[in-house]
Each structure stands twice: as structure tokens, then as C-alpha cells.
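Enquirer: In case you want the letters, here they are:
Protein chains: 2
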Amino acid sequence: MGYGKVDELAINTIRTLAVDATFQANSGHPGAPMGMAPVAHVLFNKFMTFNPKNPDWLNRDRFVLSNGHGCMLQYAILHLFGYGVSMDALKHFRQVDSITPGHPEAHDTPGIEVTTGPLGQGFANAVGLAIAQQHTAGVFNKPNFELINNHTYCFFGDGCSMEGIASEAASLAGHLQLGNLICIYDDNHISIDGDTKVSFTEDVTKRFEAYGWHTQHVEDGDSDLESIEAAIQKAKDVKDKPSVIKLTTTIGFGSKLQGTGGVHGNPLKADDVKQVKEKFGFDPEKTFVVPQEVYDAYHKHASEGAAAEEEWNKLLEKYSGEHKDGASELKRRLSRKLPEGWQNKLPVYKPSDPAVATRKLSESVLEAIHEAVPELLSGSADLTGSNNTRWKNAVDFQPPSTGLGDWSGRYLRYGVREHGMAGIMNGMSAYGTIIPAGGTFLNFVSYAAGSVRLSSLSHQRVIYIATHDSIGLGEDGPTHQPIETLAHFRALPNMMVWRPADGNETSAAYYMALTSHETPSIMALTRQNLPQLEASTLANGNKGGYVALEDKEAKITLVSTGSEVSICLEAVKYLKDNKSIAARVVSMPCTEVFDAQSKDYKLSVIPDGIPTMSVEVMSTLGWEKYSHEQFGLNRFGASGPYKDVYKKFEFTPEGISKRAVLTIDFYKDVKPLRSPINRAFTQLI
Amino acid sequence: MGYGKVDELAINTIRTLAVDATFQANSGHPGAPMGMAPVAHVLFNKFMTFNPKNPDWLNRDRFVLSNGHGCMLQYAILHLFGYGVSMDALKHFRQVDSITPGHPEAHDTPGIEVTTGPLGQGFANAVGLAIAQQHTAGVFNKPNFELINNHTYCFFGDGCSMEGIASEAASLAGHLQLGNLICIYDDNHISIDGDTKVSFTEDVTKRFEAYGWHTQHVEDGDSDLESIEAAIQKAKDVKDKPSVIKLTTTIGFGSKLQGTGGVHGNPLKADDVKQVKEKFGFDPEKTFVVPQEVYDAYHKHASEGAAAEEEWNKLLEKYSGEHKDGASELKRRLSRKLPEGWQNKLPVYKPSDPAVATRKLSESVLEAIHEAVPELLSGSADLTGSNNTRWKNAVDFQPPSTGLGDWSGRYLRYGVREHGMAGIMNGMSAYGTIIPAGGTFLNFVSYAAGSVRLSSLSHQRVIYIATHDSIGLGEDGPTHQPIETLAHFRALPNMMVWRPADGNETSAAYYMALTSHETPSIMALTRQNLPQLEASTLANGNKGGYVALEDKEAKITLVSTGSEVSICLEAVKYLKDNKSIAARVVSMPCTEVFDAQSKDYKLSVIPDGIPTMSVEVMSTLGWEKYSHEQFGLNRFGASGPYKDVYKKFEFTPEGISKRAVLTIDFYKDVKPLRSPINRAFTQLI
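Those protein sequence lines, which keep their order, are chains A and B. In terms of the UniProt record's numbering, the first sequence opens at residue 1 and continues consecutively. In terms of the UniProt record's numbering, the second sequence opens at residue 1 and continues consecutively.
No wet-lab data here; the hints were simulated from the structure. Certain hints may be false.
Each pair may be met inside one copy or between any two copies, as identical chains are not told apart.
[Stated by the list, open to error] Straight-line alpha carbon distances no greater than 30 angstroms define the calculated DSS-like cross-link-like pairs of lysine-lysine that follow:
| hint | residue 1 | residue 2 |
| --- | --- | --- |
| 1 | 671 | 625 |
| 2 | 552 | 573 |
| 3 | 599 | 647 |
| 4 | 46 | 648 |
| 5 | 269 | 46 |
| 6 | 599 | 668 |
| 7 | 256 | 658 |
| 8 | 625 | 648 |
| 9 | 142 | 314 |
| 10 | 5 | 300 |
| 11 | 350 | 269 |
| 12 | 668 | 552 |
| 13 | 579 | 625 |
| 14 | 668 | 573 |
| 15 | 286 | 643 |
| 16 | 552 | 625 |
| 17 | 324 | 337 |
| 18 | 197 | 142 |
| 19 | 643 | 91 |
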């Protein structure tokens with residue numbers, strides 16, 4: 001306690017930096033930084049421990065700005081503490097190739113933990129960070145060695161409060177009793193449509209109480225630093241519940257338009273900029289000013305953080321002596337490298353092995369590797385028995401008091417909360433010690449699209465186990481049968497969409513998912529059984545696409561994925577027997593990985609000279625990239641036993657053959673007939 | 001009150017029908033129908049007014065089964081009341097081409113109001129139906145003519161409770177004080193992962209209280225019919241709040257596995273089927289049995305409903321005498337035909353008109369037509385000023401007590417609740433008297449993907465006004481810049497994705513959206529200004545794609561959309577001036593509508609003989625269908641002024657020209673060079 005001039009100066013420095021940066025960019029959101037500067041100042045200086053010189057220190061406190069549009073608050077703070085965010089970077093706020101983009105991006109800016117801006121995401125990420133902390137503590141902490149005990153702090157606004165993803169994550173966080181999670185709700189009554197009374201009149205703290213959170217209200221978030229500090233301290237003292245502090249603030253504090261929507265998403269006008277600076281005792285003619293005493297105060301706290309890390313390193317060293325295995329395991333995890341030889345555990349299949357659904361094959365992978373890959377933390381959005389995401393002896397991640405599991409448990413029951421699950425997994429991945437895998441039906445990965453996109457954008461190694469991948473799920477019908485889903489996620493940059501055709505391809509999918517440190521994966525898996533293919537090997541699968549059946553006399557290449565590959569192989573026999581036509585088959589479990597192969601290899605798979613036809617029981621959109629003609633399903637599916645549904649839509653050897661014949665005939669006069677692999681130019685990536 | 005043998009018999013008839021149908025299908029969910037049969041019996045017979053012979057009667061009470069997996073409950077009830085769901089249909093539950101699919105589909109089954117199953121959707125639909133009722137009453141009711149006063153009832157389970165979309169919709173419903181909405185929460189403590197205590201321990205009724213709902217708890221939902229009735233009556237009596245009744249039930253009531261997850265998603269075993277029937281006094285050897293007294297009782301209530309409709313028709317007739325305009329307007333709306341001549345209000349532009357952002361042009365359309373098309377109800381997910389969704393003199397749809405608007409208001413403030421908005425719009429559209437249009441950024445339509453899919457599947461005329469459609473939004477950066485989004489929604493069957501290039505194309509998009517009765521639309525609109533094109537007309541736009549610049553000497557066709565069309569036109573000049581190459585340009589505002597044109601027309605737009613290159617600042621996925629080569633953005637965007645961002649990614653006349661030259665060169669040896677419009681076979685639709 002005891003706040004004085006320097007505190008006020010620091011707060012106003014943050015405010016004026018936000019004013020200057022948004023004014024200079026002629027774009028951005030000054031309101032939230034001006035309103036939340038006081039709580040940010042108190043939180044970072046009185047509570048948070050971190051070392052700006054090593055933003056990756058494991059036991060640092062985590063901070064998430066879920067209302068990411070207010071990122072000048074965060075950039076200003078990172079700058080003041082001496083993170084790698086220079087004054088020049090602040091001056092290039094929202095400019096091409098700066099590290100200060102319009103919303104915070106974890107991958108590019110030191111000190112930014114997670115990528116936020118899309119509302120509600122940061123809140124879910126914070127829950128994920130807190131889960132990861134609790135789990136990592138559960139695994140590695142030992143008596144007298146509280147190695148992992150950081151807190152996760154999150155700021156969120158009215159927008160985040162309204163988003164369903166935040167509701168989902170908050171409900172789960174309450175259930176999980178995450179005592180180290182402290183969220184501060186910026187209750188400024190303003191969203192883009194103006195006063196929140198036009199659409200948001202619920203009692204937010206009561207809702208959080210219903211979720212099982214500890215709640216408080218600080219009425220004057222603009223200047224009552226003591227109450228802010230007391231509330232955060234009280235929240236820290238509550239160990240068995242996550243905490244929310246409703247902090248009533250004035251958006252754009254200091255502006256002539258403070259407290260109105262006018263200051264939310266637009267820079268202040270020139271005269272208002274001057275007025276603000278004068279009000280705060282700053283020179284109205286100068287921009288981007290940081291008084292030396294503010295730097296001094298912030299750098300002092302930064303060096304305390306550096307010292308804390310040093311202490312922690314000593315603790316870790318001591319821990320290494322007494323708990324050698326734990327220490328080396330922790331260090332290995334932080335390096336993001338998997339344990340030596342883990343891949344030898346991946347199941348391998350022979351063509352004579354029985355037909356099995358890829359969802360079951362995925363389960364076999366988890367069963368086989370979970371001991372070798374202890375950072376893998378599986379879970380499901382309430383579809384455990386359908387997604388096959390749980391290995392037999394798995395322990396649930398649950399508060400020990402529930403008697404249902406413990407903190408070191410590696411299976412998370414997300415509830416029917418797909419979007420929350422995905423946002424939480426992004427946060428868990430960002431913590432650095434966990435590879436999260438979460439299951440739902442492929443069709444409902446779409447519920448989580450907002451977070452899936454951020455898995456990709458922020459380079460998180462997250463695995464989506466997406467079963468019931470097509471009309472092959474049968475009776476549940478069109479409401480559950482994906483059509484557009486693979487096209488959607490294949491169009492997403494930095495996302496591996498896997499649709500394995502058998503056991504070895506499923507193992508390959510996991511191999512690539514686990515070893516691609518900066519790319520998330522979606523595993524599209526069948527409900528129905530699939531035979532083991534002749535040519536399928538881990539090595540072939542790892543290329544994303546390969547020749548499943550070669551024939552030098554082939555008049556056509558059939559390229560297919562998942563459950564349709566074996567039907568294509570039957571179609572080859574049908575064509576040979578009934579039409580005397582030779583055909584070859586390509587299995588393409590992951591187009592993104594195939595794209596990364598050499599052109600020579602790709603041309604050996606999809607060669608010049610004969611036409612290629614794709615076969616997949618979903619939208620054909622995008623298959624033109626790999627084929628001349630496409631057989632797919634550009635309509636919704638049907639409810640019925642899956643074999644009847646496949647028959648209805650002609651995904652049978654006969655149906656494929658009929659179209660193959662039409663394709664061969666159609667292209668016979670084209671010279672040269674080039675493989676679609678040949679392109680006039682390459683895309684910018 | 002006063003329940004007897006026939007009631008018990010009816011309830012057990014519903015239960016055994018669900019048991020038989022799921023057993024025969026060897027698939028489906030008997031648990032929820034068995035648990036909720038009592039409340040369904042009470043609700044439908046004591047409270048709901050409807051006429052099975054005319055499922056479209058406007059003032060019928062609406063029923064939504066948000067836990068749609070329990071659809072045998074609904075199918076059994078529809079059958080018993082004499083809707084067009086025969087016993088044969090029940091026997092073909094979950095079979096191909098039956099009207100009893102695995103989850104309820106509004107478009108195909110008489111008496112099903114909305115398509116449910118994806119959890120949480122039905123709940124949001126119910127909020128939409130209640131809003132539509134309240135609005136329609138606000139517009140058409142007159143003193144002594146309470147023409148529209150139906151209730152909306154919704155069943156929902158634990159799964160729906162956990163979904164964010166339901167939270168969003170519930171929060172808004174509380175704000176809107178929707179007194180005619182009554183939701184019954186099936187508190188059976190079971191979801192697919194077993195006991196809900198593993199992930200769902202919040203206080204649901206307290207949460208609804210926080211939203212502003214009236215809440216009750218009926219402790220014995222299995223047999224206490226009197227309490228169920230009393231609670232529903234009390235809920236009806238509360239006029240200024242939506243109501244939720246937490247109804248504790250036993251899932252799979254009667255089964256040996258009752259109260260466990262074993263009865264949720266799997267048919268009962270043969271011996272359990274027998275045991276259940278014996279317990280309920282049914283012949284264990286017989287299947288699909290309906291005692292005549294049950295038919296009699298249900299048909300009696302059905303005929304009361306028919307009589308109620310007759311009364312209502314008389315009221316409407318009397319209303320027609322005193323409020324002629326209102327009556328004919330209401331009848332017109334129900335016919336789904338727009339008012340005569342409305343299209344003459346659509347703005348028309350000349351090439352010399354100034355450059356304007358398509359989001360502003362969209363606003364001009366709304367401004368121009370809102371009086372002519374009174375069923376249009378606009379809104380935004382808290383981005384009113386950015387989406388430009390509000391006409392100048394719009395009145396908010398708000399409870400009159402708030403002083404912020406009234407029930408007849410045609411502008412809905414959805415709050416930052418994209419998924420909820422979309423689910424609500426589906427329900428509003430299903431009511432029959434409204435065409436809902438709702439705004440958000442294109443990137444955040446993805447948050448609503450679950451509902452957008454159901455707009456398409458259930459044939460709802462819903463309009464998504466999706467502004468900030470690309471990297472052209474500039475400074476907000478990659479978290480807000482769509483890349484995969486158009487590919488996603490173009491892959492969705494029965495969805496028109498519009499990306500207009502100027503004013504006339506924007507008018508065309510609205511023309512098609514409003515006149516396509518069974519197809520939703522997404523309007524992808526720019527933040528930045530675009531010039532008015534020479535060849536752009538309403539008629540051209542209505543074809544989905546047309547020649548924007550013809551040149552008989554052209555060596556290449558550039559096909560483009562939205563903001564890139566005018567850059568392509570500049571590229572043509574650049575090619576002519578710098579390379580002496582002639583080129584032509586196609587504007588393709590909506591591929592789905594273009595697909596529906598004649599082959600001759602399509603070949604006139606994208607002809608044989610010269611290569612076509614697509615130009616769009618997003619994923620190229622899918623453009624191979626219309627072009628030989630694709631220039632797009634298969635990576636995330638960048639934060640900066642939009643002109644800088646376009647330049648960074650080479651979407652400039654020079655950048656386009658460079659790739660056009662490479663394309664021409666690449667295809668010069670191919671004979672014949674066919675238009676991609678030519679295909680070997682047509683897809684099944």
C-alpha cells in the first residue's frame with residue numbers, strides 16, 4: 001500500500017503513450033488502456049513476478065489481455081519494464097511488419113503470452129494457462145519444492161463477458177476450483193454500441209458466483225489504488241476458487257469523451273490529446289514521453305523479477321539434486337523435444353490386421369504412447385466414449401477434493417463446451433509444458449472455429465481429435481455429418497488436417513502432430529471400421545500423400561482420403577474386371593503436409609499424362625488443386641445406416657468407376673495433360 | 001389438474017414408442033424421451049394450442065426440443081396428435097429417406113419448428129421464436145385484437161446448458177424480458193461422459209436468475225404431474241421475464257439402466273425392452289403399440305386446437321374489417337412474397353458515382369428498402385457503427401419499460417454474441433413473419449458457424465451482414481482478417497456467399513438474398529472505398545458472375561470478387577501499357593448463384609481457349625473450380641494501413657500483371673485449353 005506521485009505519473013504515462021500511439025497510427029483503441037492503466041500498474045508492480053530479460057521463464061506470472069483491442073496498454077507496460085518492445089515499436093503501432101500489431105500476437109512480440117482480440121478468447125486462454133499451471137505443479141512439485149506456483153491474471157471487458165466461449169470457460173474453471181486464476185472485469189459500461197444497457201443488463205458477478213467463483217467489486221477503478229490492491233490480495237488468498245474482481249472504471253479516463261463510446265475505438269482528436277496531457281501534467285507539445293522516474297520504478301521491479309528468477313533457478317538446481325528425473329523431464333518438456341525413442345511406441349499394422357475404425361486406432365495410439373509422452377494431456381467435450389480419447393488407466397484432472405481425480409491427472413472432462421475447450425487448449429499449449437489433445441465430433445469443431453483459427457495463428461501445438469468425420473457416422477444424420485468442414489480447415493493457414501485411411505496413417509498423423517512444434521492438427525476420424533491398406537506405412541503417411549496402388553498402365557489416378565481410399569481400391573478392381581481399365585490410387589491423409597514435399601515427389605504421386613479424380617464424401621471445394629475432376633458431396637447428407645447412406649450418394653465401387661470412365665473420356669484429347677501439381681507460379685507464404 | 005390412468009398410459013406409450021423405435025433402428029437415444037415424457041404430456045395437453053392439420057397456423061404455440069437427440073419424444077407426440085408423422089414413419093426412425101431422421105429437421109417433418117441436435121441451437125432458436133412473436137404482436141396487435149399471443153416452449157438438457165450459444169441467448173432473452181418464453185431444463189444429471197458432476201457443477205438456476213429470468217425447480221419430474229403443471233402455469237403468469245423450470249428427472253425412466261449414462265445414447269437391450277413394457281403394463285411381445293384411449297385423448301386435444309384456429313381465423317377476419325392494411329400485410333408476409341415493386345427502391349449507381357465502401361452501400365440499401373420491406377429486422381452483434389446495419393430512423397426492439405425502444409422496433413442489439421445472434425435469427429426466420437439480418441465482422445461469422453450451418457440446412461432466409469471482409473480492414477490485423485472464411489462458407493450447401501464489388505452488385509446481393517425464400521446469405525463487405533464499375537448492373541449481379549470488362553483479343557481472363565475487381569481492371573491497363581497484352585475481367589460476386597446459370601452463359605463468362613486466373617485476397621481454396629491459376633493469400637494477413645497491406649502481398653496492378661503473364665505463358669502449349677466450366681460429370685445435388 002501507500003501510493004504516491006510516481007504511481008500517478010506511471011499510470012498517466014501509460015495513458016499518454018496509448019493516446020500518442022493511437023493518434024499517430026490514426027487507428028486503435030485508447031479507451032481501455034486509459035481506463036485500465038491504474039489496475040495494470042498495481043497488478044504488474046505489486047503482484048506480478050516476471051523477468052523481462054527472459055520472457056520464457058517457466059514460473060513467471062502470466063498476464064492475458066482478453067480485451068485485446070486495448071493492446072497499447074500491454075505494449076506500453078512491456079516497454080516500461082524493459083521487454084523487447086522498443087519506443088520505436090510503440091511509434092510503429094499498427095504498421096506493417098512492426099511487433100505492435102492491432103491486437104496482441106503471441107508469436108511475434110516478447111512478453112505477449114497468447115494471441116487475443118477476438119473477444120472471449122483470452123479469457124479461455126487464461127483458464128487454460130491456469131489449468132496448465134495447476135497440472136504442472138501437480139506433476140513436478142514435491143515436498144519443500146513448490147517449483148510451480150505462478151498465478152494467471154486476466155483482464156476482460158464487457159465484450160468478453162457476453163461471449164459464449166468465456167461463459168463455457170468460466171463454468172469449467174469454477175468446477176475445477178482454479179485458485180491461481182484471477183480475472184479482472186473492466187466494468188466500464190461501454191461497448192461499441194454505446195451503453196451496455198442496450199443489450200447487457202445481467203448481473204455478471206452473480207453469474208460468476210453461480211459458476212463457483214469468488215467475486216468482489218471495486219467501485220472506483222479509476223483512482224482507488226488501495227482498494228484495487230486489497231481486492232487482488234484477497235483474491236490471491238482464496239485458494240480453492242478462481243476469482244473475479246468487477247472493477248468499475250471510466251473508459252478513456254482523462255479524455256473529453258471519457259465514459260462514452262466515442263473513446264472506445266477511435267483515437268482522440270488533436271485538441272483532446274493536448275487537453276489530456278495538460279490534465280496529467282505532461283507537455284502537450286511532446287509525444288511518447290516517459291519520465292525517467294517511471295522507467296526507474298519499472299526497471300526496479302523488473303530487476304526484482306530477474307532476481308526472483310535467479311532464486312528459482314537455484315531452487316530448480318537443488319530440486320535437480322533431489323529429484324533428478326523430474327528435473328530432467330521438466331527441462332526436456334521446456335525444450336519442446338519429445339523423449340528419445342517415443343515414436344517406437346506408435347502402433348504398426350500389417351495389411352492382414354483386422355478392419356478398425358480410425359477413432360479406435362487413435363485410441364490405440366494414445367494407449368501406446370501416453371507413457372512415453374507424458375506431456376500429452378487428453379480430454380473430450382463430453383464425448384469420451386465416442387471420441388475414444390481416454391487411455392485405460394487415465395486419471396482425471398480434477399480438484400482432489402472432488403474425489404474424482406487429482407491435479408496430476410492427464411484427462412480433462414471439458415463438458416459440452418467445444419469453443420471453451422479449444423480456447424483452453426490454446427492457453428494450455430502456451431504454458432509450455434503440455435501438449436493438449438481434445439475430442440469432439442468433427443462437425444462440432446466448427447463450434448470452436450474462433451479458437452481453432454487462433455491455434456493456427458499463434459502456432460500452438462494443439463491436437464483436435466475429431467471423430468464421426470463424415471456421412472459415415474450414419475444415423476445421427478445431416479445435423480451431425482460434416483460437409484464443409486474439411487474445406488474450412490484446409491483453407492486455414494498453418495493447420496494440418498489429417499484424415500487417415502487406416503492404422504499406419506493414424507500413427508503417422510500423430511507422429512506429425514506431435515513433432516510439429518508450431519502447428520496444430522485436426523484428426524478427422526471415422527466411426528466405421530476401415531481395412532488396413534497394403535502400401536500404408538508410417539513413412540508414407542508422414543509425406544501427407546502417397547501412392548496406395550501403383551499401375552504403370554493406369555489411365556486414371558484416384559486420389560482419396562480416409563474411409564474412401566479402400567472403396568477406391570475396390571473401384572480399381574471393378575474397373576479392371578468390368579471395363580478393362582487400369583487405375584491407380586493415391587491416399588492423401590493430409591494435403592498440407594503433402595504440399596510441403598518436393599515437386600518431384602508430388603509429381604510421382606499425381607503424375608502428368610493421365611487425369612486425376614478425387615473421391616471424398618464431402619464438399620469438393622479445394623480438391624481441384626490436386627485433381628482434374630472431383631467426386632464429392634456438395635449437399636447435406638442423410639440419416640440412416642452408413643452403408644445405405646454411402647449407397648444413396650453412390651460412394652461405391654460402381655459409383656466411383658462410372659465417374660472415372662467419364663473422366664478418362666473427357667480428358668483423352670487434351671495435350672499435354674498436366675498434373676495439377678504443375679502451377680504457373682507459386683503462392684506467397 | 002387431476003391426472004389419471006389415461007395420462008399415465010399416454011406417458012408410458014410415448015416411452016415405449018421411443019424404446020421400440022430406437023431398438024428397431026439399433027440406434028438413437030431412448031433416455032431423454034423416457035425421462036421427459038411426463039412433462040411433454042402435461043405441456044402439450046394442458047398448455048399448448050396447435051392444429052396438427054395445419055402445422056403452419058401462425059398463432060400456434062411453438063415447441064423446440066433443444067436436446068434434439070431425444071427426437072423420438074417429439075416424433076411420438078406428433079404421431080399421437082395426428083400430425084403427418086405416421087406409424088410407418090416411426091418404424092423407419094433413422095432410416096434413409098424417412099421423415100424421422102436422427103435429429104429433428106424442420107424442413108422435412110410436419111410439426112418440427114426448427115432443426116435441432118447440435119446442442120444449444122434449439123435454445124437460441126426458441127429465444128428467436130419468442131422475439132419474433134413479441135415483435136409480430138407489437139406490429140399487428142391492436143386494441144381488442146390480441147392476434148398474436150402464442151407462447152414458445154423449449155426443452156433443453158445439460159448439454160445445451162453448457163454450450164456458450166445458450167448462455168448468449170439466455171442473457172439476451174433476460175435483457176429483453178421475453179415473458180412468453182418458457183424453457184424446461186431437464187436436470188437429469190447425465191451427459192455422455194456420465195454423471196454431470198465430472199464437469200458441470202455450477203448452479204444453473206442461479207445463473208439464469210443472474211440473466212434476469214424467473215426460475216423454479218420441480219423436484220420430481222418423473223411422476224409429479226401436478227407440480228409440473230403448476231410450475232408451467234406460474235411461468236405463464238410471469239409476464240415480464242422469461243422463465244426456466246429446472247425439472248429433475250430420471251433419464252431412461254423405467255429401464256434397468258435408468259439414471260445412468262447407459263440409457264442416454266444406446267437402445268435398450270432386448271430383455272430390458274421387455275422388462276420396461278411389463279413394468280408399464282404393455283404386452284412385452286408387441287411393438288409400436290398405441291392404446292386407442294391414448295389416441296382418443298390426444299386427438300381430442302388436437303381437435304380443440306383445430307377449433308382454436310377456427311376461432312382465430314374468425315378473429316383475423318374481424319381484424320381484416322377494422323385493420324385492413326394490417327391484415328393484408330400479415331397475409332402477405334405469411335406468403336413469403338415481398339411487397340409489389342419493392343425492388344424499385346434498390347439503389348442504382350452510375351460509373352461516375354463516387355467510390356464508397358460496400359458496408360456503406362449495404363447501409364444505403366437498408367435505408368432505401370426498409371420501408372418497402374417491413375418484415376426486414378436488422379441488428380448487429382455490438383458493431384452497429386461498423387457494420388452499418390441501422391437505418392437512420394430505426395427504432396430498437398426493446399422492452400418498452402426500458403425507454404430504449406418498443407416491441408415493434410426493427411433493430412435488435414444482440415450484444416457481442418455472434419453465435420447467439422445467428423441461432424436467434426434462425427428462430428426468428430422460422431416464425432414466419434420476419435426476415436432477420438444481423439451484422440458482425442466477417443471473421444466473427446466463424447464464431448457462429450454452428451448456427452450458420454443450420455441456416456443452410458433448415459432453409460432459413462437469414463442475412464449475415466459481414467463487414468471488414470479481408471486484409472482490407474487494415475490495422476486491426478491478422479486476428480481480424482479473414483483468410484479461410486469464404487472458402488468455409490462457399491463449401492456450405494445452400495448458402496449464398498456474396499462479395500460485391502460496388503453499389504449495383506450490393507443491390508443485387510440484397511435482391512437475391514431477399515427473394516431466395518429458402519436460402520441464407522452472407523454479405524462480405526469492405527471497410528475500404530470501392531469505385532463504381534462500368535459493367536455492373538443489377539441484372540449482371542443477379543447472375544452471380546458476369547463480364548466486367550470484355551476484350552475479344554484477350555489472352556487471359558481475370559476472375560475476381562469485391563475489392564479486387566477494380567484492381568484487376570487497373571491490371572488490365574497495366575498489361576496493355578507495359579506488356580501489350582490484352583486481358584478481360586470477370587466479376588464473380590456469388591459463386592453459388594453463378595453455378596446455377598446455364599452452361600452457355602457460364603462459358604460466355606469464363607470461355608474456352610484462354611487461361612483464367614482468379615484474384616482474391618484470401619485462401620485460394622476452391623478457386624480452381626473457376627480458374628486455371630489462383631492468386632490469393634494462403635497465409636495470415638498483417639496489421640497496417642490497408643494500402644500498405646495490399647502492397648506487401650502484391651495485390652496491386654503490377655503484382656496481378658506479373659502473375660497473369662506467367663499464367664499465359666504456362667498454358668500456351670495446352671490444346672484444347674478448356675474453360676474450368678467444362679466438367680466430365682455433374683455432381684449429385
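Enquirer: Take the hints in turn and mark each one as holding or not.
Expert: Tested hints:
no., hint, verdict
1, 671 - 625, "both (19 angstroms within a copy, 20 angstroms between copies)"
2, 552 - 573, "within (15 angstroms within a copy, 48 angstroms between copies)"
3, 599 - 647, "between (36 angstroms within a copy, 29 angstroms between copies)"
4, 46 - 648, "neither (66 angstroms within a copy, 42 angstroms between copies)"
5, 269 - 46, "neither (34 angstroms within a copy, 62 angstroms between copies)"
6, 599 - 668, "both (25 angstroms within a copy, 21 angstroms between copies)"
7, 256 - 658, "neither (72 angstroms within a copy, 50 angstroms between copies)"
8, 625 - 648, "both (27 angstroms within a copy, 25 angstroms between copies)"
9, 142 - 314, "within (15 angstroms within a copy, 79 angstroms between copies)"
10, 5 - 300, "within (16 angstroms within a copy, 80 angstroms between copies)"
11, 350 - 269, "neither (71 angstroms within a copy, 35 angstroms between copies)"
12, 668 - 552, "both (17 angstroms within a copy, 28 angstroms between copies)"
13, 579 - 625, "both (28 angstroms within a copy, 29 angstroms between copies)"
14, 668 - 573, "within (22 angstroms within a copy, 37 angstroms between copies)"
15, 286 - 643, "between (74 angstroms within a copy, 29 angstroms between copies)"
16, 552 - 625, "both (23 angstroms within a copy, 29 angstroms between copies)"
17, 324 - 337, "within (18 angstroms within a copy, 76 angstroms between copies)"
18, 197 - 142, "between (50 angstroms within a copy, 29 angstroms between copies)"
19, 643 - 91, "between (62 angstroms within a copy, 19 angstroms between copies)"
Hint compliance for this structure: hints 4, 5, 7, 11 are broken, all remaining hints hold.
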